[in-house]
Amino acid sequence: MENIRNFSIIAHIDHGKSTLADRFLQLTGVVGDHEFHEQMLDTMDIERERGITIKSQTVALPYRSGNGKDYVLNLIDTPGHADFSYEVSRALVSCEGALLVIDACQGIQAQTLANFYMAFEQDLHVIPVINKIDLPSADVDRVKAQIEKDLGLDSDSAVAISAKEGTGISELLEAIVAEIPPPKGDANAPLKALIFDSHWDPYRGTIVHVRIFDGEVKPSDMIRLWSTGATYKVEETGVFRMQRQPRKLLKAGEVGYVIAGIKTVRDTRIGDTMTLDSRRCAKPLAGFKHVKPVVFSSFYPISSEDYDELAEALEKLQLNDASLTFEKDHSVALGHGFRCGFLGLLHLEVVQERLEREFGLSLVLTAPSVQYLLVLRDGSEVMIDNPAKYPDPMTIRETREPIIRASIILPEQYLGNVISLCLERRGVQKNMNYMDSTRVELIFDLPLAEVLFDFYDRLKSVSKGYASFDYDFLEYRSTQLAKVDILVAGEKVDALSMLVHRDRAQQRARRACERLKKEIPRQLFKVPIQGAIGGKIISRETISPLRKDVTAKCYGGDITRKKKLLEKQKEGKKRMKQVGSVSIPQSAFLAVLKADDEE
Amino acid sequence: MKPAPTNKSGIPFGKDHKLLRSLSLEFTPQFPSDESPAGVYVHIPFCRTKCNYCAFVSRVHDSEKEKIYLEALIKEIRLWKTLDPIGSAHLDTLYFGGGTPSLIHTDRLIAVMEECRASLGLAQYAEITIEINPGSIGLNSLRDLRLAGVNRASLGIQSVDDEDLRLMDRNHNARDALLAVEQIRDAGFSNVSVDLIAGFPWQDLASIHRNLRRVLQLGPEHLSVYLLEVKEGTVLSEQIRLGKLPPVNDDLIADMYEEICRSAVEAGYTQYEISNFAREGYACRHNLKYWTDAPYIGLGVAAHGMTGRARYANVEDLQEYVGAVLEDGLPRSYVQALTPETRFREALIMGMRLTDGVDLAILGRRYQVNAAAFVMETAGDLFDAGLLELLDGRIMLTSRGRLLSNTVFARWV
Ligand SMILES: Nc1nc2c(ncn2[C@@H]2O[C@H](COP(=O)(O)OP(=O)(O)OP(=O)(O)O)[C@@H](O)[C@H]2O)c(=O)[nH]1
Ligand code: SF4
Ligand SMILES: [Mg+2]
Numbered sequence: 002m003e004n005i006r007n008f009s010i011i012a013h014i015d016h017g018k019s020t021l022a023d024r025f026l027q028l029t030g031v032v033g034d035h036e037f038h039e040q041m042l043d044t045m046d047i048e049r050e051r052g053i054t055i056k057s058q059t060v061a062l063p064y065r066s067g068n069g070k071d072y073v074l075n076l077i078d079t080p081g082h083a084d085f086s087y088e089v090s091r092a093l094v095s096c097e098g099a100l101l102v103i104d105a106c107q108g109i110q111a112q113t114l115a116n117f118y119m120a121f122e123q124d125l126h127v128i129p130v131i132n133k134i135d136l137p138s139a140d141v142d143r144v145k146a147q148i149e150k151d152l153g154l155d156s157d158s159a160v161a162i163s164a165k166e167g168t169g170i171s172e173l174l175e176a177i178v179a180e181i182p183p184p185k186g187d188a189n190a191p192l193k194a195l196i197f198d199s200h201w202d203p204y205r206g207t208i209v210h211v212r213i214f215d216g217e218v219k220p221s222d223m224i225r226l227w228s229t230g231a232t233y234k235v236e237e238t239g240v241f242r243m244q245r246q247p248r249k250l251l252k253a254g255e256v257g258y259v260i261a262g263i264k265t266v267r268d269t270r271i272g273d274t275m276t277l278d279s280r281r282c283a284k285p286l287a288g289f290k291h292v293k294p295v296v297f298s299s300f301y302p303i304s305s306e307d308y309d310e311l312a313e314a315l316e317k318l319q320l321n322d323a324s325l326t327f328e329k330d331h332s333v334a335l336g337h338g339f340r341c342g343f344l345g346l347l348h349l350e351v352v353q354e355r356l357e358r359e360f361g362l363s364l365v366l367t368a369p370s371v372q373y374l375l376v377l378r379d380g381s382e383v384m385i386d387n388p389a390k391y392p393d394p395m396t397i398r399e400t401r402e403p404i405i406r407a408s409i410i411l412p413e414q415y416l417g418n419v420i421s422l423c424l425e426r427r428g429v430q431k432n433m434n435y436m437d438s439t440r441v442e443l444i445f446d447l448p449l450a451e452v453l454f455d456f457y458d459r460l461k462s463v464s465k466g467y468a469s470f471d472y473d474f475l476e477y478r479s480t481q482l483a484k485v486d487i488l489v490a491g492e493k494v495d496a497l498s499m500l501v502h503r504d505r506a507q508q509r510a511r512r513a514c515e516r517l518k519k520e521i522p523r524q525l526f527k528v529p530i531q532g533a534i535g536g537k538i539i540s541r542e543t544i545s546p547l548r549k550d551v552t553a554k555c556y557g558g559d560i561t562r563k564k565k566l567l568e569k570q571k572e573g574k575k576r577m578k579q580v581g582s583v584s585i586p587q588s589a590f591l592a593v594l595k596a597d598d599e600e
Numbered sequence: 020m021k022p023a024p025t026n027k028s029g030i031p032f033g034k035d036h037k038l039l040r041s042l043s044l045e046f047t048p049q050f051p052s053d054e055s056p057a058g059v060y061v062h063i064p065f066c067r068t069k070c071n072y073c074a075f076v077s078r079v080h081d082s083e084k085e086k087i088y089l090e091a092l093i094k095e096i097r098l099w100k101t102l103d104p105i106g107s108a109h110l111d112t113l114y115f116g117g118g119t120p121s122l123i124h125t126d127r128l129i130a131v132m133e134e135c136r137a138s139l140g141l142a143q144y145a146e147i148t149i150e151i152n153p154g155s156i157g158l159n160s161l162r163d164l165r166l167a168g169v170n171r172a173s174l175g176i177q178s179v180d181d182e183d184l185r186l187m188d189r190n191h192n193a194r195d196a197l198l199a200v201e202q203i204r205d206a207g208f209s210n211v212s213v214d215l216i217a218g219f220p221w222q223d224l225a226s227i228h229r230n231l232r233r234v235l236q237l238g239p240e241h242l243s244v245y246l247l248e249v250k251e252g253t254v255l256s257e258q259i260r261l262g263k264l265p266p267v268n269d270d271l272i273a274d275m276y277e278e279i280c281r282s283a284v285e286a287g288y289t290q291y292e293i294s295n296f297a298r299e300g301y302a303c304r305h306n307l308k309y310w311t312d313a314p315y316i317g318l319g320v321a322a323h324g325m326t327g328r329a330r331y332a333n334v335e336d337l338q339e340y341v342g343a344v345l346e347d348g349l350p351r352s353y354v355q356a357l358t359p360e361t362r363f364r365e366a367l368i369m370g371m372r373l374t375d376g377v378d379l380a381i382l383g384r385r386y387q388v389n390a391a392a393f394v395m396e397t398a399g400d401l402f403d404a405g406l407l408e409l410l411d412g413r414i415m416l417t418s419r420g421r422l423l424s425n426t427v428f429a430r431w432v
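Protein sequence lines correspond, in order, to chains A and B. If you're matching positions, the first sequence starts at 2 in our numbering and goes up one per residue. If you're matching positions, the second sequence starts at 20 in our numbering and goes up one per residue.
The following block holds chain A by itself, in its conformation from the complex:
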């Protein structure tokens, strides 16, 4: 155990975690030069395309230190985006240390602080790492001062590196070995292992990712999962080396995987404790703080035959993403689907994209909503996140919406812009403190609903990318809510309804109508699109009827090509949702959800 180091790489988004992991992989020889590509640990297509990490990834690095001893460094690369902070908190539970990467140009940002606090709460040894020192605008001294002031850490312990160019990486590896404590634990005690992640393998079933705290586990052991009491026979144990690498056993202090013929997705729970059936540990590990989804949207398959497939796909995704929740939902316009809960809009987008890519599904989504608390006239309280379940407004005494407390770190020259943005979003300023002579931390209470929609993008644009943002749920507060319905050709399309603040209703309804007008192809009839609250129309657009859809040209008898065009046209129509007499394409449903690009 003495030669094991378990650590996470944590940072604000884009500060260079995955790039640093690349250098570790190369320097320890886990990947050879010809198999190497950038951000190796970002394995999903969507991660590679967006250049961000979404899933934490674990690798075991063999490392011979300058002192001649061999070590195993279990590294977990984590995502930086706030939506995925749950991934970070899980990773930290399996570690004794963390590398807190800080961009030498940007300095300490909101998620730097948020992630640092998480590591601090876990009692981890934190090594500050100042990255991107190769850049001309790098200011190592300034970042060191911030480390002292904002984090209360000794800046002499910081390691300055360039993950891109490989500068300082060997020093950092030495610092890991020297400073991060080896895992504690009793190899002879009964098995006590934490399930910190899992994923689905079509050939092997569930692959459970574990950190062993006590004891050991090996093939043919009977394991027992604490929360369900279910028992399984272990088929394989091993470690992650980019690929799975089987090992004879996993013992206290180690991080690896267990395959135990777990065929149904539902049987593993992230945060659960694994022990031996014949020799149980005395009590389970603390597990993880349960994260609650904050934004909800219903997912419907374009083709209703895909419903079962969607159900299965969601289960499989959930195995790999415990923060995703879903339950059955039904829409008059769209048929059967699922009401899904997410940690944020990026999370929602990621799940949608993965369902479409990895499972080949075509989906229609409803407008995302936060969860409102309604106090009814009869005194009862209900939580509502689905416009379809919104009761008769007459029965509601009071509506409350979730409020967050946001911390925004920004250079002072953008203060005016950022404050106006927050006020425009119904924010209430709580505090403002200068972190140093130029950087300010703003504390605002904001309605979560206002933050979910394009707030990040707007914040970025009003601060030229220099403001960073983090938040915690605060409380529910009284608000004025309206349910906006959208009518297409006079028929209410329930899947397009949304719950919005009364002051926003007009604007959102207008925008929805405009977008639908753009996306719904012209039909044989004039199609009015209306936004309404109750019976009152608050916005209106009209799609004029289609006039021209004709092939008027000479033939030479090539009917085959013409038929192909007609067939394509027919197929295209099949892929639209028929709502009353109107065919609505998937893109129309999606366009309504899109954040504002204009304004």
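Among the hints, erroneous ones may be present.
[Unchecked claim] Beyond 12 Å from chain B on every Cβ pair, some chain A residues (computed): (1) Gly262; (2) Lys431; (3) Leu525; (4) Gln570; (5) Glu572.
[Said to hold, decoys possible] With a cut-off of at most 27 Å between alpha-carbon atoms, the simulated DSSO-like pairs for lysine-lysine come out as follows: (6) A:Lys564 <-> B:Lys250; (7) A:Lys431 <-> A:Lys150; (8) A:Lys565 <-> B:Lys250; (9) B:Lys250 <-> A:Lys574; (10) B:Lys250 <-> A:Lys554; (11) A:Lys329 <-> A:Lys493; (12) A:Lys574 <-> A:Lys527; (13) A:Lys575 <-> B:Lys250; (14) B:Lys250 <-> A:Lys519; (15) B:Lys69 <-> A:Lys563; (16) A:Lys484 <-> A:Lys554; (17) A:Lys249 <-> A:Lys219; (18) B:Lys263 <-> A:Lys519; (19) B:Lys250 <-> A:Lys569; (20) A:Lys554 <-> B:Lys69; (21) A:Lys595 <-> A:Lys575; (22) A:Lys219 <-> A:Lys284.
[Stated by the list, open to error] Footprint (simulated), chain B over chain A, 3 or more residues, beta carbon under 8 Å: (23) 546-553; (24) 559-568.
Honestly, the hints are just simulated from the structure, not real lab data. Glycine included, every Cβ here is placed at the ideal spot set by N, Cα and C.
Using the hints, position chain B with the ligands against chain A.
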């Protein structure tokens, strides 16, 4: 007998109308028991230069290639003779299309014609059309063609506005076009058609109107009006993509189309098909083959044929074509067998392009199905939508329906 009461769009009222009463779900079409006379299409894939909207199979002319190609064409005709897949049906139209057939040496065209007579039994009285581009042929050649039996000239004018022609990258101007008409008449052609294209991004209603008026002043027996389709891969589509030209405006094109139809009819032409107008008795017999479910042979690169039991297309590459034919093989890129059902559906779709539409009883008898029931089942709602109408047992497109014909036809593919 009193006609059944109809509403504005011509759909019969009441469930008792005999067309609706005969609704039956049985649908097992049969091949027609006999075929109408067939046509021959010969593709000439050469042009002097390429127009910017052109997506036809055509390359810049060169006389060496012309010679090789025309020899190969003769060879293909002879191959047909030995295979004879159309059976005993006789041929009564021949159409030289392109490309620019008028660029080809007259003797060679005549040789092809003669070969069709000798090997395929092209009828003596056949309608023989040649497509001509202004500026590509002289009076003497026109006379030779006329004397050899070519009796219809189809002139690709496209526009009589020089600016239009320049923007289309056409290689002639308006004067060339007028001159061509004169010479065609001088050569003795009494059946002349002109082509016009409408819908270019720089055109407007007024320019189309002007254009059409001047074209009609030329007094053609026949007029074809094509609405521009911007095809991928053309210079024009690239110009639009790069923002050098505005995108086409479909509503405006619809207006142009309506304007053209109205003016042509006012000038005494009958619109007999979505894109075609003619003076009494001058409808194009060859093109009618496509619309009336008659077989046709396609010869040359990229030519298409329908034999009654199959559709085929020839390869698009000239070298490949020549190679195949010289090795005594048919130069097909595909041959697709037809089932009675696809033939029925195609007959319906193609027939509906005609202004008079399709006689459901005749079509039904021809394919041994209840055509009326089929139409009601698949497109009954389009009567209410004002796209289809029913008159004296024929269904046809309304004037609105003509502009939306693909929406209608998509029901039947
Ligand atoms: N110049 C320079 N660029 C770097 C360095 N390290 C990382 N980058 C760049 O910074 C960007 C973000 O790097 P990543 O490694 O993906 O950052 P990350 O922290 O993993 O990002 P998330 O996983 O999305 O939070 C990439 O374009 C890297 O090439 C460095 O040392 N110098
Ligand atoms: S004349 Fe006709 S075939 Fe030749 S390039 Fe122009 S459009 Fe194409
Ligand atoms: Mg990353």
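Hint check results:
{"no.": "1", "hint": "Gly262", "verdict": "holds (50 Å)"}
{"no.": "2", "hint": "Lys431", "verdict": "holds (49 Å)"}
{"no.": "3", "hint": "Leu525", "verdict": "violated (5 Å)"}
{"no.": "4", "hint": "Gln570", "verdict": "violated (5 Å)"}
{"no.": "5", "hint": "Glu572", "verdict": "violated (10 Å)"}
{"no.": "6", "hint": "A:Lys564 <-> B:Lys250", "verdict": "holds (16 Å)"}
{"no.": "7", "hint": "A:Lys431 <-> A:Lys150", "verdict": "holds (22 Å)"}
{"no.": "8", "hint": "A:Lys565 <-> B:Lys250", "verdict": "holds (15 Å)"}
{"no.": "9", "hint": "B:Lys250 <-> A:Lys574", "verdict": "holds (22 Å)"}
{"no.": "10", "hint": "B:Lys250 <-> A:Lys554", "verdict": "holds (12 Å)"}
{"no.": "11", "hint": "A:Lys329 <-> A:Lys493", "verdict": "holds (21 Å)"}
{"no.": "12", "hint": "A:Lys574 <-> A:Lys527", "verdict": "holds (18 Å)"}
{"no.": "13", "hint": "A:Lys575 <-> B:Lys250", "verdict": "holds (24 Å)"}
{"no.": "14", "hint": "B:Lys250 <-> A:Lys519", "verdict": "holds (23 Å)"}
{"no.": "15", "hint": "B:Lys69 <-> A:Lys563", "verdict": "holds (23 Å)"}
{"no.": "16", "hint": "A:Lys484 <-> A:Lys554", "verdict": "violated (50 Å)"}
{"no.": "17", "hint": "A:Lys249 <-> A:Lys219", "verdict": "holds (6 Å)"}
{"no.": "18", "hint": "B:Lys263 <-> A:Lys519", "verdict": "holds (24 Å)"}
{"no.": "19", "hint": "B:Lys250 <-> A:Lys569", "verdict": "holds (16 Å)"}
{"no.": "20", "hint": "A:Lys554 <-> B:Lys69", "verdict": "holds (18 Å)"}
{"no.": "21", "hint": "A:Lys595 <-> A:Lys575", "verdict": "holds (24 Å)"}
{"no.": "22", "hint": "A:Lys219 <-> A:Lys284", "verdict": "holds (21 Å)"}
{"no.": "23", "hint": "546-553", "verdict": "holds (count 7)"}
{"no.": "24", "hint": "559-568", "verdict": "holds (count 7)"}
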